[in-house]
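Chain by chain, the residues run as shown.
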Amino acid sequence: MPSVVCMVVDDTPALAVEGLTKRHGSGAGAVDALVGVDLTFARGTFTAIMGPSGSGKSTFLACVAGLERPTSGRVLLEGTDVTGWDETRRTRMRRDRIGFVFQDFSLIPYLTAQENVALPAKLAGRRAEKQAVQLALARVGLASRAEHLPSALSGGQQQRVAIARALVAQPAVMLADEPTGALDSATAREVLRLLRSAVDELGQTTVMVTHDPLAASYADKVVFLVDGRVAGKMAAPSVDAVAAQLAHLDQLVGAGR
Amino acid sequence: MKALAVRSLRHRYPAAVATFIAALLGTAMMASFATLVESAFSAHEDDRELLIIMGGVVGGWSTVIVLFSIASTVGIVAEQRVREAGLLRTIGATPKQVRALIVYEAMVVTLFAAAAGVVVALAGGPALFDALQRGNLITSASSYDASLASPSMAAGVVVVVGTVAAWISSRRATRGAATFSLRQAEVPVRRLRWWRILLGALLIASGLASAIVTITVTGKATDAYAAMQTSGSASIVAGVGLAALAPWLLRVLATPLRPLLSGSGSGHLAVQNLTRRAGVLAGMLAPVIVFVSTAVGTLLMVGIDDRTLAAAGDPEGVGDTIAMINAVVIGMISLFSLIMVVNATVAVVVHRRPELDRLWRLGATARQLRTSVVLEAVVVAVLGIGLGLLGAMATAVPYSVVRHEGLVPNGQLWLPPFISAVAVIVTAGAAWGAQRRAAR
Numbered sequence: 001m002p003s004v005v006c007m008v009v010d011d012t013p014a015l016a017v018e019g020l021t022k023r024h025g026s027g028a029g030a031v032d033a034l035v036g037v038d039l040t041f042a043r044g045t046f047t048a049i050m051g052p053s054g055s056g057k058s059t060f061l062a063c064v065a066g067l068e069r070p071t072s073g074r075v076l077l078e079g080t081d082v083t084g085w086d087e088t089r090r091t092r093m094r095r096d097r098i099g100f101v102f103q104d105f106s107l108i109p110y111l112t113a114q115e116n117v118a119l120p121a122k123l124a125g126r127r128a129e130k131q132a133v134q135l136a137l138a139r140v141g142l143a144s145r146a147e148h149l150p151s152a153l154s155g156g157q158q159q160r161v162a163i164a165r166a167l168v169a170q171p172a173v174m175l176a177d178e179p180t181g182a183l184d185s186a187t188a189r190e191v192l193r194l195l196r197s198a199v200d201e202l203g204q205t206t207v208m209v210t211h212d213p214l215a216a217s218y219a220d221k222v223v224f225l226v227d228g229r230v231a232g233k234m235a236a237p238s239v240d241a242v243a244a245q246l247a248h249l250d251q252l253v254g255a256g257r
Numbered sequence: 001m002k003a004l005a006v007r008s009l010r011h012r013y014p015a016a017v018a019t020f021i022a023a024l025l026g027t028a029m030m031a032s033f034a035t036l037v038e039s040a041f042s043a044h045e046d047d048r049e050l051l052i053i054m055g056g057v058v059g060g061w062s063t064v065i066v067l068f069s070i071a072s073t074v075g076i077v078a079e080q081r082v083r084e085a086g087l088l089r090t091i092g093a094t095p096k097q098v099r100a101l102i103v104y105e106a107m108v109v110t111l112f113a114a115a116a117g118v119v120v121a122l123a124g125g126p127a128l129f130d131a132l133q134r135g136n137l138i139t140s141a142s143s144y145d146a147s148l149a150s151p152s153m154a155a156g157v158v159v160v161v162g163t164v165a166a167w168i169s170s171r172r173a174t175r176g177a178a179t180f181s182l183r184q185a186e187v188p189v190r191r192l193r194w195w196r197i198l199l200g201a202l203l204i205a206s207g208l209a210s211a212i213v214t215i216t217v218t219g220k221a222t223d224a225y226a227a228m229q230t231s232g233s234a235s236i237v238a239g240v241g242l243a244a245l246a247p248w249l250l251r252v253l254a255t256p257l258r259p260l261l262s263g264s265g266s267g268h269l270a271v272q273n274l275t276r277r278a279g280v281l282a283g284m285l286a287p288v289i290v291f292v293s294t295a296v297g298t299l300l301m302v303g304i305d306d307r308t309l310a311a312a313g314d315p316e317g318v319g320d321t322i323a324m325i326n327a328v329v330i331g332m333i334s335l336f337s338l339i340m341v342v343n344a345t346v347a348v349v350v351h352r353r354p355e356l357d358r359l360w361r362l363g364a365t366a367r368q369l370r371t372s373v374v375l376e377a378v379v380v381a382v383l384g385i386g387l388g389l390l391g392a393m394a395t396a397v398p399y400s401v402v403r404h405e406g407l408v409p410n411g412q413l414w415l416p417p418f419i420s421a422v423a424v425i426v427t428a429g430a431a432w433g434a435q436r437r438a439a440r
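So the sequences go chain by chain: A and B. Under our numbering, think of the first position of the first sequence as 1, with each following residue one higher. Under our numbering, think of the first position of the second sequence as 1, with each following residue one higher.
Calculated from the structure, these hints are not laboratory results. For each residue, glycine too, the CB sits at the ideal point set by N, CA and C. One should not assume that every hint holds.
[As the list claims (entries may be wrong)] A few chain B residues facing chain A, derived, Cβ under 8 Å:
| hint | residue |
| --- | --- |
| 1 | Leu122 |
| 2 | Pro126 |
| 3 | Ala127 |
| 4 | Ser264 |
| 5 | Gly265 |
| 6 | His268 |
| 7 | Asn273 |
| 8 | Arg358 |
| 9 | Leu359 |
| 10 | Arg361 |
| 11 | Ala364 |
This is chain B alone, in the form it adopts within the complex (with noise of 0.2 Å):
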């Protein structure tokens, strides 16, 4: 299995492009951090709290964020092969042996990505640094020390986490009757499983946890950071929250479309895949729904931190300090977050490619598909922008609140268009050159 593994790779470049991307860029990123912890050790005293904080705090929640991506890269993979596992099984492959198949494939395709994210972290981390250095966050009294422990120890856990996916995944695929999934009817009409119902639900109610936190408890605190720590990442949680529950809510949410765009051939074709595929599709809306709350949430948060920090009081001075790592792990985030929704929209519709030839042989013109595509993309988009910034709510609210401004932050408020247009822009546009590749 594990040759026939390294063989079904080289025939699925796009899919194994899609997985490595992801898991480099996420080893890249999280091994740039762990960097910096263990650079700590070694440190000036003066420094050591504040790389811990950089490396450890701020480095875990992009590792939230990698972890979740690169888990939902895989299972879309994965996903994508029930039909391939059905005729492994028909010629006489156990499930466990396509299990096998999909497992290794994943990891083999996660160790290389992360191994190359290691070598990229081991520039990445020294430029971290020096950044922090020459912003003045770190004395000159402390240098980059890091050996190959801490990046590796990063990428060990991404392919863990990748093949953990990809086994979770894999049990899909080789769920039920071989001869069943040979069939070309391919709507997997499933529920959610329970524990990612439990997952989305314990994820958003610690987001508005920590919203409640903020307000009644850190928010009356004398230090000025104290709310921030609560509420920075109550839009990252809440929005991971939302993401795992994308399948159910692209479902619901969708429903109602369906008069308003069935009214033309592609309309018709794309509001009937969103509800009825929307397992699938919710592959694109989850990476949304992140990039919007973590994005808005954040950078919000940073805006009324700014101006409202003379009021709250700044006894340590580091309020520049704060401002800069906040900037920096936030563009970071953003930055990955909208990879992903460009890799995860590319991924689902490059794998329609089959369903496109067969509507193009049935007389729907090249115009109608990619408008079906594009439109599908849009209302995935617009969808996972109101979810995000329910989930951004989570953190600006409470903040914008102990700040003083009210409910609704004093200013920024082009932000939210800004970001939405972003993805609507981003998501729309991977799916309009996707489709380019998929049709003909």
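Chain A on its own, in the form it takes in the complex (with noise of 0.2 Å):
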């Protein structure tokens, strides 16, 4: 007990959530998508978050990025609480301090693999330091590729600048959502490898939310979801093991309903 202390003082882990409920609706017909989840993430940890389709995952990743605000509990960014800020904030937030990389990939149609990767900075009023941007498509591989819009990029290349657009800014903390939803496996391992090398190469701290155990089975850990609260958790995860927890927990929503 005393180490636990210990560390949580000596090292602010890069995300924390305490107590985070999320009820959608309100009365009778309310549906709780998250019920009082607590978890802290380690910085330069790998995080995959997984459970059954309505455990609350993609709701968790809203909360925690500023999209949807939570109904009660504190979501703390480094350790700074950003569950009360305005809207505004939030936005500036979601800017600065988070990298998202989306099942969708949302590039920005009409803006190159660069100038996709220089938004946030862009948006921020700052002028993207082009070194950096090279240095991040570089970094997934697609250094000639800066000039292309995405509509030449195939989906994989799409999802890299998506990544590289994630990491530019050296976030506190790496959202993904399905970042490998959209994509073939083979192109989908590309991803995951992408994601893996930035927690161990650049120690990007990520939270990945995913229902696929080959995607989870390259995080550190693997917290599952159901019915909008932590249901277990798994170190070191191999896809068997993830897969089997899986249909473990589809029975037991099964038998609940």
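Taking the hints as your guide, dock the two standalone chains into a single complex.
The following block contains the structure:
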């Protein structure tokens, strides 16, 4: 127990949520998407959030990113409580402190690869450092595609641009929402290797929501959500172990309904 | 596909409403003029010519603008469906079926709108006739006498044009492989079609030709109104011609603005969107050009006419009549093209909802998005004004020359800035209103 206390004091986690609760709607028709979730994400770790559909994975990510406001509970980004921040402040936080990777890539269609990578800095009113942008694109192996529009890139390449965009500002945490959901398995592996190397080489704290056991096997730790609650954790996950656990959880959900 | 078309309409309210309004107002305007022509057949001999000129010639020019705007609205709406078309095709719809869906949709909407337009015209036609009679342009010997035939014909033309425009645009939505259109990267990188370049060039050339003819031939005629006949339409024709080339013009003219605007985040977004998605935003530019060129060109002409009529000689004493006709027509055309500006702007901005949402998730503040959208609209308006004033010169300059006012008319110089201000305010205002719905 004392050692845990020491860790908290010495090393503020990149991201923590305390009693995170999100209720959609009100009255009899209200749905609890998250119920008192407590989680801590240490710096430089790669965590996968898994669970059956409707388990609250996406709501969790939306609350952490400030896209949605939790009903109660706190979100701490590098020790700072960001829960009560207004819309503009949360937007700035998303731009400056969070790197986002989406299932649909979310590239802006009329900006080239390098302009997409430089966009958050541009929105922040900073001049994007050309070198940093080039470096980020080189990291994901797309240095030669800097001038291409998204329409000239394959799905995997588009997602790699999105990763470069998420990494370029060295965010406190990188959030990935089903990053391989729209990709074939070979391309998905490429993308997952990139996420892994960002954690290993840059110490980039990463939280990834996924339903794919293969994707989860690239993480250090898997957190399982069921009906908005933490239903288990698994360290050093393997594809088979994750798949087995998911099947088990599906049964639980099936029995519960 | 018919059932699907009707069902999909319910989910595309704003888009359908845009088409509906354009077709409704267009039909109402065209059909009202058409009733004048029909009434001419039974009218008193003295009134026949005026009714035919008013209904046929003047109505004819409004028809050009009406049809142009209906075609462009339907085009914008169909263009927005590239992604959905891709989705339908991946689940097994043939390109033909997808096109049928788009065409049916346009047909259903324009059909209902045109029917409503006929109803409006049944009131509008007599009102127009009455106005002409009260203005002593028509003797009391004649009376309004139009059946359903002429308004129905106008409605038929609107439906056909709307449907054909949808058919042409639907080819874009189904061109290429289905999987390609599914991707989110939706920037349509395509060149202007040859027929559009040809059409634009022909219209501009014919506007210029009218201008030259006005100075060299009709301006020297003994009939004081010969010059007006050739020069009055020049700015409308030239304006529509420039509007046909709008995607190309927007790309070319917005590119030099890059360094100017790309300083701020929102300016950066605006200018990249303007140049790289010129094809989409041209839908906003086109009606601005037509509005400015028509309103400025013809209103200046009326002003010049007013000042110089006495000197030019008004043997028939019809000066007041002509001024009155021009006022009615220009008023209606201007109003109509202004509605088109709003229509097109709203359609374009609302369509960007997913993209604005994406930008918001990436950290663009609501204010940045607002600024970006409005900035785009202002740039489009300013370019449209520049091009529109160019088009207006095709009427104003020659007419000013033949009426001995020189290259620049002697009066009414407040008019171009006034019309320009209206164009900017309406375009920016429509974009501002639309983004409020589009962004969160």
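Let me know if the C-beta of B/Ala364 comes in closer than 8 Å to any C-beta of chain A, holds or violated. With a minimum Cβ separation of about 5 Å from chain A (threshold 8 Å), the hint on B/Ala364 holds.
The hint names B/Arg361 as touching chain A; please verify it with the least Cβ-Cβ distance against 8 Å. Check passed: Cβ of B/Arg361 comes within 6 Å of chain A, closer than 8 Å.
For the hint on B/Ala127, just tell me whether its beta-carbon gets within less than 8 Å of chain A. violated, 47 Å
Quick one, is the B/Ser264 hint okay against chain A at 8 Å, beta carbons? The hint holds - B/Ser264 has a Cβ within 8 Å of chain A, the shortest such distance being about 7 Å.
Please check whether B/His268 passes as an interface residue: C-beta within 8 Å of a C-beta belonging to chain A. Cβ of B/His268 sits 5 Å from chain A, so the hint holds.
At a threshold of 8 Å, is the proposed contact between B/Gly265 and chain A supported by beta-carbon distances? Holds: closest Cβ of chain A sits about 4 Å from B/Gly265, inside 8 Å.
Cut-off 8 Å, beta-carbon criterion: hint that B/Arg358 touches chain A: holds, 5 Å
Interface hint check: B/Pro126, Cβ to nearest Cβ on chain A, cutoff 8 Å. Holds or violated? violated, 50 Å
Can the hint on B/Asn273 be confirmed by a CB-to-CB distance to chain A that is less than 8 Å? holds, 5 Å
Do the numbers back the hint for B/Leu359, that is, is its least Cβ distance to chain A under 8 Å? holds, 7 Å
Does B/Leu122 hold up as a contact with chain A if the rule is Cβ-Cβ below 8 Å? violated, 46 Å
Hint check: violations occur at hints 1, 2, 3; the rest are consistent with the structure.
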